[in-house]
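Undergrad: Sequence:
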Amino acid sequence: MFEWLGSNWWALWLTVFLAFAVVEMLTLSFFFIMLGAGALAALVADFAGADLWLQIVVFCIVSLLMIAFVRPIALKHLHKGPAEQRTNVDRLIGQSALVMEPVTATAGLVKIGGDVWSARSAAGIIDAGQTVQVTRIDGATAVVASTAEDSPH
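Numbering (full-length UniProt numbering), first residue to last: 1 to 153.
Quick caveat, the hints were computed from the structure, so don't treat them as lab data. Source: prediction; values computed, not measured.
Here are the simulated lysine to aspartate or glutamate pairs, DMTMM-like style, with alpha carbons at most 20 Å apart:
| no. | residue 1 | residue 2 |
| --- | --- | --- |
| 1 | 111 | 127 |
| 2 | 76 | 24 |
| 3 | 111 | 90 |
| 4 | 76 | 90 |
| 5 | 111 | 101 |
| 6 | 111 | 138 |
Cβ-Cβ distance ranges computed for the label pairs, FRET-style:
| no. | residue 1 | residue 2 | range |
| --- | --- | --- | --- |
| 7 | 52 | 19 | 17 to 23 Å |
| 8 | 18 | 54 | 20 to 26 Å |
| 9 | 139 | 113 | 14 to 20 Å |
| 10 | 93 | 125 | 17 to 23 Å |
| 11 | 50 | 105 | 58 to 64 Å |
| 12 | 23 | 123 | 39 to 45 Å |
| 13 | 19 | 147 | 45 to 51 Å |
| 14 | 18 | 100 | 47 to 53 Å |
| 15 | 123 | 22 | 42 to 48 Å |
| 16 | 21 | 113 | 34 to 40 Å |
| 17 | 61 | 124 | 50 to 56 Å |
| 18 | 54 | 123 | 57 to 63 Å |
Where is the CB? At the ideal position from N, CA and C, for every residue including glycine.
Construct the entire structure; sequences and hints are all you get.
TA: Now the structure itself:
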């Protein structure tokens, strides 16, 4: 087995790529797929006749370059887009909410759509019954701010 592997490093690089691809599908972090790209580059280097030490160098360099330059761009494009394309809690940012219990800097309850969320105020105390806007989601807490029509003049 080891004799065969010694002359067929491409099989190891292919296995490493497939393992990284599976882990990427489970994590969706755009990290492991960058390592997978390094493994594919090492596979190509093996097919080109490179020695094992050079294949390892190619794997390391390509992986680092992918993580440093491609991953940030991919993440930026992943999180960009119109509101109707946002998912999960990102979709709640910018929506209106109804204050159920007074919201302070530390506690409160708001209703966003049909769900009741714990909330914190971005500034000041907001009384029950007012309409607020969700500015961000911090864990399981909506951070809200008064809308222009509800603020005192």
